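Make a model of the complete structure from these sequences and hints.
Next come the chains, spelled out residue by residue.
Protein chains: 2
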Amino acid sequence: MRLSLLCLIPVVAGFQPMPLNRLALSTMMATKPATEEAMSVQKIVNDNLPSEEDTLAERDGSMRVKMEQMLREAQISITKAIEEIDGGAKFREDAWERNTGGGGKSRVLANGKVWEKAGVNLSVVHGTMPQEALKAATERGATRSNNGEEVPFFACGLSCVMHPHNPHCPTMHFNYRYFETEGGEHWWFGGGTDITPSYIDEDDMKHFHGTYKEVCDRHDPEYYNKFKKWADEYFLIQHRGERRGMGGIFFDDLNDRDPEEIFEFCKDAANHVVPAYGPIIEKHKNDAYTEEQKQWQQLRRGRYVEFNLVYDRGTIFGLKTNGRTESILMSLPETASWLYDHQPEAGTPEAEFLDAARNPREWV
Amino acid sequence: MRLSLLCLIPVVAGFQPMPLNRLALSTMMATKPATEEAMSVQKIVNDNLPSEEDTLAERDGSMRVKMEQMLREAQISITKAIEEIDGGAKFREDAWERNTGGGGKSRVLANGKVWEKAGVNLSVVHGTMPQEALKAATERGATRSNNGEEVPFFACGLSCVMHPHNPHCPTMHFNYRYFETEGGEHWWFGGGTDITPSYIDEDDMKHFHGTYKEVCDRHDPEYYNKFKKWADEYFLIQHRGERRGMGGIFFDDLNDRDPEEIFEFCKDAANHVVPAYGPIIEKHKNDAYTEEQKQWQQLRRGRYVEFNLVYDRGTIFGLKTNGRTESILMSLPETASWLYDHQPEAGTPEAEFLDAARNPREWV
Chain A
1 MRLSLLCLIP
11 VVAGFQPMPL
21 NRLALSTMMA
31 TKPATEEAMS
41 VQKIVNDNLP
51 SEEDTLAERD
61 GSMRVKMEQM
71 LREAQISITK
81 AIEEIDGGAK
91 FREDAWERNT
101 GGGGKSRVLA
111 NGKVWEKAGV
121 NLSVVHGTMP
131 QEALKAATER
141 GATRSNNGEE
151 VPFFACGLSC
161 VMHPHNPHCP
171 TMHFNYRYFE
181 TEGGEHWWFG
191 GGTDITPSYI
201 DEDDMKHFHG
211 TYKEVCDRHD
221 PEYYNKFKKW
231 ADEYFLIQHR
241 GERRGMGGIF
251 FDDLNDRDPE
261 EIFEFCKDAA
271 NHVVPAYGPI
281 IEKHKNDAYT
291 EEQKQWQQLR
301 RGRYVEFNLV
311 YDRGTIFGLK
321 TNGRTESILM
331 SLPETASWLY
341 DHQPEAGTPE
351 AEFLDAARNP
361 REWV
Chain B
1 MRLSLLCLIP
11 VVAGFQPMPL
21 NRLALSTMMA
31 TKPATEEAMS
41 VQKIVNDNLP
51 SEEDTLAERD
61 GSMRVKMEQM
71 LREAQISITK
81 AIEEIDGGAK
91 FREDAWERNT
101 GGGGKSRVLA
111 NGKVWEKAGV
121 NLSVVHGTMP
131 QEALKAATER
141 GATRSNNGEE
151 VPFFACGLSC
161 VMHPHNPHCP
171 TMHFNYRYFE
181 TEGGEHWWFG
191 GGTDITPSYI
201 DEDDMKHFHG
211 TYKEVCDRHD
221 PEYYNKFKKW
231 ADEYFLIQHR
241 GERRGMGGIF
251 FDDLNDRDPE
261 EIFEFCKDAA
271 NHVVPAYGPI
281 IEKHKNDAYT
291 EEQKQWQQLR
301 RGRYVEFNLV
311 YDRGTIFGLK
321 TNGRTESILM
331 SLPETASWLY
341 DHQPEAGTPE
351 AEFLDAARNP
361 REWV
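In order, the protein sequences belong to chains A and B. Quick note: the first sequence, position 95, residue 95 per the working numbering, numbers continuous. Quick note: the second sequence, position 160, residue 160 per the working numbering, numbers continuous.
Treat the hints with care, since some could be wrong.
No copy is singled out in the list; a pair is fine if it fits within one copy or between any two copies.
Stated by the list, open to error - Derived SDA-like pairs (lysine to any residue); straight-line CA-CA distance at most 20 Å:
no. : residue 1 : residue 2
1   : K320      : V310
2   : K90       : H342
3   : K267      : A346
4   : K320      : D341
5   : K113      : Y340
6   : K320      : G241
7   : K113      : L339
8   : K294      : A110
9   : K320      : D232
10  : K320      : E233
Just so you know, the hints here were simulated from the structure itself, not pulled from any lab data. Fair warning: this is a prediction, and the values are worked out from it, not measured in the lab.
Shown next as structure tokens:
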């Protein structure tokens, strides 16, 4: 089996930096170069050259290839839309590869008009992973154990965090991913999109959650409630007793139906990142704010860092298995702050935020 | 056995806030009130009232009482010296207690003339701890296992982090602690003092390491080399391949000789925090600096956060066992920053720093 050029969540062990043009200017044939974007995607797909045991024809219809292509298209369309909303900075793309199989493309926008830092990271990897890694990668991973032996796997994922300057513009995170153990014995999808404002605007929350409820409802009427609750549980900063933000949807280990159906759901969810998030940013990007509001945002950024470094499965796993640190920690804000024992006064918007972070609300 | 008012490293499960004056205005007799400081210490010692099974006479000579008193005196003398160097802000003291036994006193200085944030946390706790906790608390803790049962313990510790504003003034951390399992079956000391500048000043490093080499040499000619190396290993940010700073001394699980001897070493080390660190701050506190130097300091602060939240044993254990979050995370800087893939240019002082963080040097 031969697979190249790819990416997982930040869960990536043993990478080597790779010159940008090695991927961008790949000499692989692009059979249907319609637009520049389509061409890039095609090149990536074609980079997965068939070997003797593994012909392109066989693999074209595989979930691996479909998911990788969908994620790459989402990376391109989302970063394009974000650049348009930002109106200032452009994404920089770094391609990298893993020593042990696969690689990725990180797109990072820094110091934009709207965003302080925004990163969208595609990774497509394969190799073998320790049991511990399998466990860390899933909600109930221990059940997928294999008598302690290393597990051959393929994984692809697109993960993103965007931190705006303005404290009235929320941070947004999403991640969609597909795992498969060799031979397809085990496979599952995971993902979600969640929002982290510093101040609560109820209309914004209704819009964001409402958009994802509609996405969910198109695929399963039980998805939204289940995945909204899952996000509220997952994004808990346990030592604070508060969530990092106002949630969204989160799911893992999803493999209870035809993979094609789950793929369509992931695609729909990834394609609604911009409709769910973009209008909120457009609405607030020119809002006036005070120094106190900026300081409160910085404290919330501190909480974001705490969640990501102490609890986030992908981050911790990635860091502890020699993942590409810069791609993993792309998720951290450019600036964050901690004050000793800071308590917002009762009745303030900051206290209102904390209340909602401690007691998750139903927005739709 | 009855012990009250205490504190461990931040390793403290199940606390309740406690009004300051409950401790400060304790009505316990102070038999030898010489100075205000001595009085405070005396009050704390006397708070450990004898019960029927445990008379004060018996306990006066115990290592528990000696260590607690030494640490409380160090907390008082160090915070007093730091206030004098700062010349602006004063430490605020919060007393707190654990539901399950003991408590602590956190002293925090915020927004001083010299220090952005400085915290010195005394904790003296007792109760039972899970095996996992025992393991997390020691370098080779697994060997102290007890067939999976909860372990009754006593622990006291003084821990401190100080982050100055000026990028030419280093951050400093120390921690000295004593653990004992019930009945004194197992006991050990741990601790160390380490320094984290943003720029290397060789004379400063010689002074800091030299001071601790002298302290070590007074107790064992092998201590400095051993504990300097241990610090270089412990403070490694593994996913970066770099240390958070320029080290110092670090030791854990120390119980290879008469506890009185180790106690004297810890006392000497705690009492040399100010002589090791103070002159460096006095020398640099009025240094001019550029915005670029401040930004570099902020990136190093980001690394400090990464180390503390991802690797520091006391922090992670404390957070995951319902320790008092504000006392644990007192160690985080007020501000920190992350830039994607930041690489200092070769030949700059920033690149020089990184080289020394990657390849620990011998300073004395």
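Evaluated hints:
Taking the shortest Cα distances, K320 and V310 sit within 20 Å of each other both inside one copy (12 Å) and across copies (9 Å). Taking the shortest Cα distances, K90 and H342 sit within 20 Å of each other only across copies (17 Å), while inside one copy they are farther apart (36 Å). Proximity of K267 to A346 under the C-alpha cut-off of 20 Å is found in neither arrangement, the shortest distances being 42 Å within a copy and 44 Å between copies. With identical chains, the CA atoms of K320 and D341 are at most 20 Å apart between copies only, with a shortest distance of 18 Å across copies and 30 Å within one.
In this homomeric assembly, K113 and Y340 come within 20 Å of each other (Cα to Cα) only across copies, at 17 Å, whereas the closest approach inside a single copy is 31 Å. Taking the shortest alpha-carbon separations for K320 and G241, only the inter-copy value of 12 Å comes in at or below 20 Å, while the best intra-copy value is 26 Å. Taking the closest pair of Cα atoms, K113 and L339 come within 20 Å of each other only across two copies (16 Å); inside a single copy the shortest separation is 27 Å, beyond that limit. With identical chains, the CA atoms of K294 and A110 are at most 20 Å apart both within one copy (18 Å) and between copies (19 Å).
Within a single copy, K320 and D232 get their C-alpha atoms only as close as 25 Å, which misses the 20 Å cut-off; across copies the closest is 19 Å, which meets it. Proximity of K320 to E233 under the C-alpha cut-off of 20 Å is restricted to the inter-copy arrangement: shortest distance 16 Å between copies versus 23 Å within a copy.
Hint compliance for this structure: hint 3 alone is broken.
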